[in-house]
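Residue numbers (the numbering used here), protein chains in the order written: chain A, 381 to 532; chain B, 381 to 532; chain C, 381 to 532; chain D, 381 to 532.
Be aware that a few hints might be false.
Copies of the same chain look alike in the list, so a pair counts if it fits in one copy or across any two.
As the list claims (entries may be wrong) - Taking lysine-lysine and the DSBU-like style, the derived pairs with C-alpha atoms no more than 35 Å apart in a straight line are:
no., residue 1, residue 2
1, 433, 384
2, 433, 506
3, 425, 384
4, 499, 425
5, 433, 499
6, 425, 506
7, 506, 383
8, 433, 383
9, 506, 384
Hints were generated in silico from the structure; no laboratory data involved.
Protein chains: 4
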Amino acid sequence: MNKKEIYQQLANFWNNDMPFNQLVGFNITRFDNEHSEVRFQWQDKLIGNPMQKILHGGVTAAALDLVGGVVAAGNIIAHIEEPLTAETIQTSLRNLSTIDLRTDYLRPGRGEEFIATAKIIRSGSKVAVTRMELHNELGVHIAFGTGTYMVG
Amino acid sequence: MNKKEIYQQLANFWNNDMPFNQLVGFNITRFDNEHSEVRFQWQDKLIGNPMQKILHGGVTAAALDLVGGVVAAGNIIAHIEEPLTAETIQTSLRNLSTIDLRTDYLRPGRGEEFIATAKIIRSGSKVAVTRMELHNELGVHIAFGTGTYMVG
Amino acid sequence: MNKKEIYQQLANFWNNDMPFNQLVGFNITRFDNEHSEVRFQWQDKLIGNPMQKILHGGVTAAALDLVGGVVAAGNIIAHIEEPLTAETIQTSLRNLSTIDLRTDYLRPGRGEEFIATAKIIRSGSKVAVTRMELHNELGVHIAFGTGTYMVG
Amino acid sequence: MNKKEIYQQLANFWNNDMPFNQLVGFNITRFDNEHSEVRFQWQDKLIGNPMQKILHGGVTAAALDLVGGVVAAGNIIAHIEEPLTAETIQTSLRNLSTIDLRTDYLRPGRGEEFIATAKIIRSGSKVAVTRMELHNELGVHIAFGTGTYMVG
Numbered sequence: 381m382n383k384k385e386i387y388q389q390l391a392n393f394w395n396n397d398m399p400f401n402q403l404v405g406f407n408i409t410r411f412d413n414e415h416s417e418v419r420f421q422w423q424d425k426l427i428g429n430p431m432q433k434i435l436h437g438g439v440t441a442a443a444l445d446l447v448g449g450v451v452a453a454g455n456i457i458a459h460i461e462e463p464l465t466a467e468t469i470q471t472s473l474r475n476l477s478t479i480d481l482r483t484d485y486l487r488p489g490r491g492e493e494f495i496a497t498a499k500i501i502r503s504g505s506k507v508a509v510t511r512m513e514l515h516n517e518l519g520v521h522i523a524f525g526t527g528t529y530m531v532g
Numbered sequence: 381m382n383k384k385e386i387y388q389q390l391a392n393f394w395n396n397d398m399p400f401n402q403l404v405g406f407n408i409t410r411f412d413n414e415h416s417e418v419r420f421q422w423q424d425k426l427i428g429n430p431m432q433k434i435l436h437g438g439v440t441a442a443a444l445d446l447v448g449g450v451v452a453a454g455n456i457i458a459h460i461e462e463p464l465t466a467e468t469i470q471t472s473l474r475n476l477s478t479i480d481l482r483t484d485y486l487r488p489g490r491g492e493e494f495i496a497t498a499k500i501i502r503s504g505s506k507v508a509v510t511r512m513e514l515h516n517e518l519g520v521h522i523a524f525g526t527g528t529y530m531v532g
Numbered sequence: 381m382n383k384k385e386i387y388q389q390l391a392n393f394w395n396n397d398m399p400f401n402q403l404v405g406f407n408i409t410r411f412d413n414e415h416s417e418v419r420f421q422w423q424d425k426l427i428g429n430p431m432q433k434i435l436h437g438g439v440t441a442a443a444l445d446l447v448g449g450v451v452a453a454g455n456i457i458a459h460i461e462e463p464l465t466a467e468t469i470q471t472s473l474r475n476l477s478t479i480d481l482r483t484d485y486l487r488p489g490r491g492e493e494f495i496a497t498a499k500i501i502r503s504g505s506k507v508a509v510t511r512m513e514l515h516n517e518l519g520v521h522i523a524f525g526t527g528t529y530m531v532g
Numbered sequence: 381m382n383k384k385e386i387y388q389q390l391a392n393f394w395n396n397d398m399p400f401n402q403l404v405g406f407n408i409t410r411f412d413n414e415h416s417e418v419r420f421q422w423q424d425k426l427i428g429n430p431m432q433k434i435l436h437g438g439v440t441a442a443a444l445d446l447v448g449g450v451v452a453a454g455n456i457i458a459h460i461e462e463p464l465t466a467e468t469i470q471t472s473l474r475n476l477s478t479i480d481l482r483t484d485y486l487r488p489g490r491g492e493e494f495i496a497t498a499k500i501i502r503s504g505s506k507v508a509v510t511r512m513e514l515h516n517e518l519g520v521h522i523a524f525g526t527g528t529y530m531v532g
């Protein structure tokens with residue numbers, strides 16, 4: 381199993397077997413050691429402000445937390461020494477967790493589709509830092525964030 | 381309508397008519413000008429880590445964002461000059477929105493019930509700052525947060 | 381007085397008459413409505429870790445706070461309606477203050493010269509949000525930050 | 381050497397041999413495994429706003445970063461297994477560094493003396509999280525902060 385296959389397998393697992401991701405409709409669409417992307421569609425159940433039909437701020441934070449965690453996982457996997465087995469991968473990801481997350485809300489969360497992206501800013505054996513952005517399908521910049529993740 | 385009735389009415393509205401709050405099961409249980417509380421029950425659909433049965437980090441961030449926004453609203457209402465009508469209240473809350481939110485994850489989100497609390501730290505005519513905490517029903521401290529809200 | 385002259389005059393004032401900036405050696409070298417830059421030289425008095433000769437984390441935070449505040453000021457000035465007089469400028473800047481600041485430390489603060497840059501991410505009549513970076517003279521990325529400023 | 385003596389010795393070292401602390405006048409006045417305190421006197425050179433005689437925001441951030449780092453160090457030392465020698469202490473503190481710092485500015489930094497305090501919120505073998513506050517000598521709450529530190 382090469383790293384590309386692992387990224388794909390993990391994306392499938394997180395897309396299909398993580399209940400909250402399915403509840404909201406988060407779909408990991410890019411995943412490597414430097415970048416990640418999560419997309420989700422507008423749904424009325426994600427409304428946080430009934431008078432204005434905009435996303436709940438918690439959905440935005442959740443999308444940023446997820447997409448940052450995905451690229452942090454990609455970074456962990458990139459540093460696993462061979463052999464890459466289901467076991468070494470699972471062991472490596474065991475400690476992955478969010479330490480802290482800052483979300484900056486720039487504009488109201490309106491759109492048909494939302495695209496969250498992340499990239500690695502600090503890559504280490506214990507802690508990774510990522511920057512994230514949320515745009516809608518028209519390219520409107522809705523939010524950005526910074527996440528610190530435990531990776532080792 | 382006195383302020384206590386207004387707080388109750390707004391809590392009812394947010395509990396019953398804000399789709400994402402209902403999706404997750406957020407329930408505002410305290411709401412005044414200085415403090416707020418939101419409770420929600422464990423549900424499998426909130427799982428963020430299927431191997432460990434813990435809350436998705438996004439649920440935690442969403443609960444903190446909501447409970448901070450509620451006390452920020454309480455603070456706005458406390459400063460409305462009479463008369464308190466549906467119109468003056470709606471106008472006063474029109475600009476309420478999260479500017480930024482920091483979430484610190486302290487311990488895995490395990491429990492039967494989760495209690496998010498917030499208090500006002502900075503109260504102003506334009507911006508309010510709140511601190512939030514998330515505990516489970518056993519008093520385990522799961523997360524805390526800091527939120528900056530536009531209030532005017 | 382046109383806006384470019386105002387930017388220059390304000391930079392001179394902050395460079396020469398703000399005691400802490402002179403203590404540390406902060407020098408505003410770029411200043412307009414979208415971008416700002418602050419430079420400072422290594423000095424032994426800025427050492428935060430005597431065993432390793434690296435910048436005190438507080439110097440980094442101070443540089444990011446300053447450079448973010450400068451571009452926030454640039455943004456305020458850009459929105460002043462004519463006429464631009466010393467009085468209208470002073471009145472407009474009266475409320476400028478930092479609400480919150482997040483600093484992410486990426487690499488040890490080593491170098492001969494340090495360059496802090498900022499750009500506006502959210503521009504509003506009450507609140508502005510800026511992103512900042514600190515590099516050394518070799519282009520090493522030492523820190524980045526996010527600042528929320530009261531502007532109105 | 382018992383732990384209390386070590387705390388005292390380290391406080392002396394940081395008070396007397398860390399150039400930036402001396403430049404600003406930071407003085408560690410409490411230091412154990414759970415709490416820390418840093419005090420400093422008003423000096424005109426710390427002015428960040430010449431028209432209003434208030435502290436530069438960078439001084440506030442620096443004080444919070446320092447006092448949080450001190451209690452993080454206290455926490456590291458509390459977990460060293462005997463014997464406590466200069467060598468084991470130095471080795472244990474080698475990796476101590478700030479990962480990220482959030483500063484919330486609540487009120488203008490006015491006063492004769494400033495007191496920064498910190499406590500541990502998350503204590504781990506790799507990462508510690510601390511909360512900090514800054515008050516003046518009259519008890520006015522000027523700022524608070526949250527810091528994430530690498531400790532292992």
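Hints versus structure:
1. In this assembly of identical chains, the alpha carbons of residue 433 and residue 384 lie at most 35 Å apart only when taken from different copies (28 Å versus 38 Å within one copy).
2. In the homo-oligomer, the alpha carbons of residue 433 and residue 506 lie at most 35 Å apart only across protomers (23 Å), although the nearest pairing inside one protomer, at 40 Å, exceeds that limit.
3. In this homomeric assembly, residue 425 and residue 384 come within 35 Å of each other (Cα to Cα) both inside a single copy, at 34 Å, and across copies, at 29 Å.
4. In this assembly of identical chains, the alpha carbons of residue 499 and residue 425 lie at most 35 Å apart whether taken from the same copy (29 Å) or from different copies (28 Å).
5. In this assembly of identical chains, residue 433 and residue 499 lie within 35 Å of each other by CA distance both inside one copy and across copies; the values are 29 Å within and 27 Å between.
6. Within a single copy, residue 425 and residue 506 get their C-alpha atoms only as close as 37 Å, which misses the 35 Å cut-off; across copies the closest is 30 Å, which meets it.
7. In this homomeric assembly, residue 506 and residue 383 come within 35 Å of each other (Cα to Cα) both inside a single copy, at 21 Å, and across copies, at 27 Å.
8. With identical chains, the CA atoms of residue 433 and residue 383 are at most 35 Å apart between copies only, with a shortest distance of 27 Å across copies and 41 Å within one.
9. Proximity of residue 506 and residue 384 under a CA criterion of 35 Å is satisfied in both settings, with 23 Å inside one chain copy and 30 Å between copies.
Violated hints: none; the structure is consistent with every hint.
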